[in-house]
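K.L.:
In case you want the letters, here they are:
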Amino acid sequence: MTRKQRRMTIIGGSLAVLALAAALVLNALRDSIVFFSTPTMVAEKHIEPGKRFRLGGLVQPGSLQRGDNLAVTFEVADGSAKLPVAYKGILPDLFREGQGVVAEGALDANGVFKADTVLAKHDETYMPKEVADALKKQGHWKDDYGGKASEGTKPAATTAQGNPQGAMR
Amino acid sequence: MIAESGHYALVLALGLALIQSIVPLIGARLRDAALMNVARSTALAQLLFVGVSFAALVMLHVNSDFSVANVYENSHSTKPLLYKITGVWGNHEGSMLLWVSILALFGGLVASFGNNLPLSLRAHVLAVQAWIASAFYLFILVTSNPFLRIANPPIEGRDLNPVLQDIGLAVHPPMLYLGYVGFSISFSFAIAALMEGRIDAAWARWVRPWTLVAWIFLTLGIAMGSYWAYYELGWGGWWFWDPVENASLMPWLAGTALLHSALVMEKRNALKVWTILLSILTFSLSLLGTFLVRSGVITSVHAFATDPTRGVFILLILCLFIGGSLALFAGRATSLKQGGLFAPISREGALVLNNLLLTVACAVVLFGTLYPLAMEMLADFKMSVGAPFYNLTFAPLFALLLLAVPFGPMLAWKRGDLLGVMQRLLAAGVAGLVAVAIAWGWATGGSTLAPLAIGLGVFVIAGAVTDIVERTGLVRMPFATVLHRARGLPRSAWGTAFAHAGLGVALIGIVCETTWNSEYIATMKPNDVAHVAGYELKLDGLFQRQGPNYREMIAEFKISRDGEALTVMTPSKRSFTTRGSSTTEAALLTRGASQLYVSLGDATAEGAIAVRIYYKPMVLLIWWGPVLMAFGGVLSLSDRRLRVGAPKPARAKQRLQPAE
Amino acid sequence: MTLWFVFALMTVAAIFAVLWPLGRSSGAQDQGSEVAVYKDQLAEVERDLAAGLIPAPEAEAARVEISRRLLAAAASEPAMAPRSNLKWRRAAAVLALAGLPLVAVAVYMPLGSPKLQDFPLAQRERGSGMAQSLENLVVQVEQHLEKNPTDGRGWNVLAPVLERLGRFDDAVRAYRNSLTYNGESAERRSDLGEAISAAAGGVVTAEAKAEFERAHALSADDPKANYFLGLAAEQDGRKDDAANIWRALLAKAPADAPWRALVQSSLARVGGGTMPALSDETIAASKDMAEGDRNAMVRGMVDRLATRLKQNGDDVEGWLRLVRAYLVMGERDKAMGASADARQAVASDAERLRQLNDGLRTLGLGG
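Same order as they appear, the protein sequences are chains D, B and C.
This note's numbering puts the first residue of the first sequence at 1, with every later residue one more than the last.
This note's numbering puts the first residue of the second sequence at 1, with every later residue one more than the last.
This note's numbering puts the first residue of the third sequence at 1, with every later residue one more than the last.
Mixed in with the good hints there might be a few duds.
[What the hints assert, rightly or not] No farther apart than 27 Å at their CA atoms in a straight line, the calculated lysine-lysine pairs in the DSSO-like style are these:
id, chain 1, residue 1, chain 2, residue 2
1, B, Lys558, D, Lys4
2, C, Lys115, C, Lys87
3, B, Lys525, B, Lys538
4, C, Lys239, C, Lys252
5, D, Lys4, D, Lys88
6, B, Lys558, B, Lys538
7, D, Lys51, D, Lys4
8, B, Lys558, B, Lys525
9, D, Lys88, B, Lys538
10, C, Lys39, B, Lys414
11, D, Lys88, B, Lys414
12, C, Lys252, C, Lys224
[As the list claims (entries may be wrong)] With the Cβ distance kept under 10 Å, some of the chain B side facing chain D (calculated, not the full set):
id, residue
13, Asn115
14, Asn116
15, Tyr231
16, Trp235
17, Thr334
18, Val364
19, Met383
20, Leu400
21, Thr584
22, Thr590
23, Arg591
24, Gly592
25, Ala593
26, Ala610
I should point out that these hints are in silico values taken from the structure, not numbers from a laboratory.
Being a predicted model, the structure only gives us computed values, none of them experimental.
Glycine included, C-beta positions come from ideal geometry on N, C-alpha and C.
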């Protein structure tokens with residue numbers, strides 16, 4: 001084999017692997033991507049039953065009902081629309097009414113969202129990002145809340161100004 | 001006093017890093033030895049001052065000095081001492097300080113053990129290290145300063161996020177950072193080589209061990225993090241394809257590729273330019289990981305606090321380093337001398353294939369991580385790319401890679417004999433097929449792919465064993481000779497075998513766990529019995545207990561199998577008063593490599609409790625695999641032998657081993 | 001003082017680290033070179049061969065390979081005669097001597113707080129042994145009360161201690177419990193009001209005022225209720241009313257009442273004390289100024305409360321206080337904003353959210 005042939009073999013091999021990877025990715029993008037929706041978007045767009053998606057919003061206070069054997073139903077709201085959700089299993093530690101939640105599943109024929117996964121946010125101070133963004137977009141979130149929140153988290157103690165809490169007490 | 005000294009030490013470290021970024025480069029340009037040597041003493045002094053700074057922060061946390069905002073926000077006087085210490089890096093500011101401390105540590109190591117490096121190369125490497133260090137010192141001081149004070153200190157702190165109060169946290173981040181930051185060394189070497197316009201033997205001799213060290217820590221760090229998520233997050237998942245996990249996986253993939261290409265470079269003086277590019281990419285991916293985790297672009301357990309200014313700052317650092325280094329690469333790479341020739345079927349060829357598959361797999365993960373972000377920004381809709389995507393893309397690529405793994409070490413350098421290698425791997429192939437047949441017959445349910453994957457795992461392990469058997473001449477030769485040859489076998493050969501076998505072990509664990517794990521979720525009252533995978537779990541009762549900074553509800557389960565009592569498991573749910581949040585402490589029962597996993601949900605009004613029970617067959621293999629890999633890495637690292645890949649002399653073909 | 005000494009020491013050490021290599025004569029430096037690496041490798045081959053680790057033919061092959069590279073390297077090795085450049089060395093030394101301290105001071109001064117002392121737990125325990133043992137006692141009492149929440153006497157004892165420790169919110173709760181289990185009394189009502197306004201940073205909020213009014217209804221002579229009602233009037237801008245209330249209080253007060261001085265000075269503040277003979281203009285001016293100062297003071301308190309709530313948002317009563325304060329100051333927009341923030345902050349807790357909504361409704365901001 002000449003130098004050129006060897007080089008061509010290597011380049012050809014690389015292209016083959018790249019093509020394989022590209023094919024795999026494109027194929028996967030077709031059916032394994034899950035989109036994110038809010039109750040408003042569900043109401044507007046009419047998502048067909050059985051199509052998997054992620055639903056995000058706030059758990060409507062007072063809507064949580066526990067049934068037999070770990071079945072739960074609750075409503076997810078985003079200010080302008082509500083969507084009933086049914087789930088069977090253990091809710092995450094951080095799941096609470098009035099708090100952000102992301103559920104994955106599909107609508108059934110009656111328009112109830114059958115979730116097979118429920119994710120609550122990991123941290124008690126923050127919303128899941130998708131939920132926060134969606135709420136912001138719809139104007140149910142004061143625009144500068146995010147900014148304020150981060151100001152708050154950063155120690156407001158740059159200098160002798162002191163921690164507000166310390167000063168108050 | 002402690003706080004301010006620590007703060008000032010950090011500022012001095014910044015000052016030293018700035019000097020170290022400039023003076024040695026001028027020295028290298030003027031070929032002035034003294035100016036170049038400034039790099040060395042400043043690197044050591046930097047290590048000293050960052051060390052002081054880090055020690056000061058640890059002291060502050062141990063002393064519960066709530067006049068420091070960072071301590072106040074992440075500590076509590078009743079927190080156990082261990083978590084007071086680990087809490088230092090259980091928050092954004094502290095973890096960044098750990099990051100620069102490790103960076104300074106690596107700089108110090110190069111400075112103290114770099115005697116056999118050409119002076120100008122050392123000066124360049126340390127200067128590049130100082131650029132990285134300066135950027136991150138500034139980042140810490142300006143946006144995430146752990147030493148800010150509170151004028152009127154509160155009496156009590158706000159405690160550490162309870163999920164992070166765990167021994168896993170003591171180990172996981174330092175390991176991971178040693179890995180991430182360790183790759184900065186190969187990055188600095190690559191940039192130095194580009195600036196000098198030449199790569200010499202000393203370059204190759206240095207880069208591989210450093211990469212290996214970083215790779216070992218990263219491997220262990222990822223495994224540790226995965227095990228932590230498995231037992232601490234309470235639902236037995238060990239890998240989520242969460243962007244932050246991907247952020248650690250990508251440097252690992254690129255680093256593994258780098259490790260193998262550096263091997264080619266070291267032994268055969270080939271693939272130089274590619275190795276340089278990989279060094280740059282690996283560290284860039286580490287930086288990208290830092291950006292993803294720290295900027296709040298992505299929400300996850302790891303993102304301690306989201307803050308736009310921090311994100312922008314890190315993005316700037318990211319663009320500066322990645323963009324700058326790639327531009328330098330584009331400009332200078334052609335001036336580097338090209339290396340030797342080799343046939344496609346050869347050890348080098350196999351390593352190129354390995355590199356190809358690893359980098360493409362890495363690119364796929366990168367795509368999956370960034371695609372949702374890009375779509376959100378460009379097309380304004382949201383989606384998530386999760387396990388199904390990676391199962392369809394990453395898994396086939398990796399299967400291909402694993403299939404090729406046993407062939408690599410058995411091929412000779414320069415030109416190999418594929419047919420011969422196939423004959424020698426026949427036994428391993430048969431072992432794999434037998435495993436497929438057994439798995440097929442024995443298993444009930446699950447994907448049809450699972451037995452095939454198990455066969456692949458067995459093939460990889462058997463291939464690694466075959467390699468050692470071949471090299472020592474076991475079976476063919478008298479035992480004494482075998483023993484002698486085994487002793488004479490380079491440790492790096494053993495290292496390769498262990499690392500490759502580790503891959504197979506992990507694969508078997510992953511397949512068994514995901515395919516045949518059984519799950520039982522129900523509400524149980526005291527004296528209820530659950531049957532899972534042949535085990536009987538009887539809930540004896542629920543108890544309350546007061547911990548140092550939490551209260552916990554413990555459920556006691558009596559475990560028996562076939563009427564024989566085994567043990568008692570006590571999963572619990574802790575609620576932490578200060579933060580008002582709770583954690584689930586799963587109970588684990590290890591039987592061989594399999595585990596029974598019990599975790600608690602909410603208690604109902606009638607005194608019953610929601611319980612999750614999993615039986616996870618062979619689950620521990622998932623983490624034994626990486627441990628084996630890391631062990632292989634350590635063996636390889638300890639191999640002080642020469643690293644010249646000479647082709648096998650034709651005369652002695654059968655009798656001899658290729659030198660490692 | 002010690003701190004500055006330590007800083008100076010560290011700076012000197014850092015400068016020394018730069019100067020040290022500059023000062024050393026650039027003689028034969030120990031450094032590696034490509035040739036040296038290959039020589040090492042050759043030596044290793046010999047060692048391994050001697051130890052029997054590699055067979056002779058392989059050693060020979062390796063030796064040939066290395067020698068080939070060695071020759072190539074030796075040929076291409078640039079003439080690396082080290083030169084010394086005094087001018088640049090001096091520049092580097094100046095950079096270290098002047099630049100390093102300059103950078104250190106320029107970066108440290110705006111960020112650091114050199115005047116603040118350390119405040120470790122151990123020192124807190126030692127330095128304020130009283131407070132610490134008090135804290136322990138408080139914890140004991142709290143634990144006792146958690147088990148026996150109906151022990152009214154316990155709440156009675158605990159509440160003022162909590163207030164003294166600065167745990168105003170807890171003190172408010174304790175006073176409430178005390179009222180529940182011990183029954184009404186003017187004294188307890190006004191103590192509760194005091195705790196509420198202390199928690200609000202000294203602002204007599206509507207809630208606190210209600211408590212004082214109830215205390216006043218129970219016993220018209222209760223000095224604390226009277227004083228705070230006066231303060232409320234002052235904070236509402238009704239200075240004359242404040243002066244009248246305080247004057248009445250002083251008139252009825254026993255001559256040796258410990259709070260007499262406080263009331264007198266308050267009275268003087270609102271201008272209801274002795275009336276100095278001054279021109280109308282001066283009085284008007286000072287009145288304006290006092291008004292400004294007072295506003296600034298109240299605003300400062302409210303701002304502090306707002307910042308604290310941003311840090312720790314799960315304090316429902318705090319939020320309500322803040323909203324009320326904005327309403328009192330006539331800033332309805334801010335009040336609305338604060339209530340929106342509050343809803344977000346406590347959204348995670350249904351119970352708190354309900355409390356918050358109830359509270360906001362009573363303030364006329366419900367829905």
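K.L.:
Hint by hint, say whether it matches the structure.
P.N.:
Verification of the hints:
1. Pair hint Lys558/B plus Lys4/D does not hold up; C-alpha atoms about 70 Å apart against a cutoff of 27 Å.
2. For the hint pairing Lys115/C with Lys87/C, the CA-to-CA distance comes to about 41 Å; that exceeds 27 Å, so the pair is violated.
3. Annotation: proposed proximity of Lys525/B to Lys538/B holds, straight-line Cα distance about 10 Å (limit 27 Å).
4. A distance of roughly 20 Å separates the Cα atoms of Lys239/C and Lys252/C; the hinted pair therefore holds under the 27 Å criterion.
5. Of the pairs offered as hints, the one joining Lys4/D and Lys88/D is violated, with about 62 Å between alpha carbons and a cut-off of 27 Å exceeded.
6. With a CA separation close to 5 Å, the supplied pair Lys558/B and Lys538/B stays within the 27 Å bound.
7. At roughly 52 Å between alpha-carbon atoms, Lys51/D and Lys4/D are farther apart than 27 Å, so this suggested pair is violated.
8. Taking the CA atoms of Lys558/B and Lys525/B, the gap is near 14 Å; set against the 27 Å cutoff, the hint holds.
9. Distance check on the hinted pair: Lys88/D and Lys538/B sit about 23 Å apart at the alpha-carbon level, within 27 Å; holds.
10. In summary, the hint linking Lys39/C to Lys414/B is supported, as the alpha carbons are separated by about 24 Å, within the 27 Å threshold.
11. As the CA atoms of Lys88/D and Lys414/B are separated by approximately 60 Å, the hinted pair breaks the 27 Å bound.
12. Restraint check: the Cα-Cα separation between Lys252/C and Lys224/C comes to about 13 Å, which is no more than 27 Å; the hinted pair holds.
13. With a cut of 10 Å, the hint placing Asn115/B at the interface with chain D is violated, because the nearest CB-to-CB distance is about 38 Å.
14. The criterion of a C-beta within 10 Å of any C-beta in chain D is not met by Asn116/B, whose closest approach is roughly 33 Å, and the hint is violated.
15. The criterion of a C-beta within 10 Å of any C-beta in chain D is not met by Tyr231/B, whose closest approach is roughly 15 Å, and the hint is violated.
16. At about 8 Å, the closest approach between the beta carbon of Trp235/B and any beta carbon in chain D falls short of 10 Å, and the interface hint on this residue holds.
17. Violation of the interface hint for Thr334/B is found here, the shortest Cβ-Cβ separation to chain D being roughly 16 Å, above the 10 Å cut-off.
18. Contact between Val364/B and chain D, as hinted, is supported at the beta carbon level, the nearest pair being about 6 Å apart and thus within 10 Å.
19. Residue-level restraint check for Met383/B holds (minimum Cβ-Cβ distance to chain D is 4 Å; threshold 10 Å).
20. Evaluation of the Leu400/B hint against chain D yields a held restraint, the C-beta minimum of about 8 Å falling below 10 Å.
21. The interface hint given for Thr584/B is met, as the beta carbon of that residue sits about 6 Å from the closest beta carbon of chain D, less than 10 Å.
22. Checking Thr590/B against chain D by beta carbon gives a least distance of about 23 Å; that is not within 10 Å, so the hint is violated.
23. Proximity of Arg591/B to chain D is violated relative to the hint, the smallest CB-CB distance being about 24 Å (cut-off 10 Å).
24. Taking 10 Å as the C-beta contact cut-off toward chain D, the hint placing Gly592/B at the interface is violated, the least distance being around 28 Å.
25. Taken as an interface hint, Ala593/B does not check out: its beta carbon lies about 26 Å from the nearest beta carbon of chain D, beyond 10 Å.
26. Checking Ala610/B against chain D: minimum C-beta separation of about 5 Å stays under 10 Å; hint holds.
Comparing the model with each earlier hint shows violations of hints 1, 2, 5, 7, 11, 13, 14, 15, 17, 22, 23, 24, 25; every other hint is respected.
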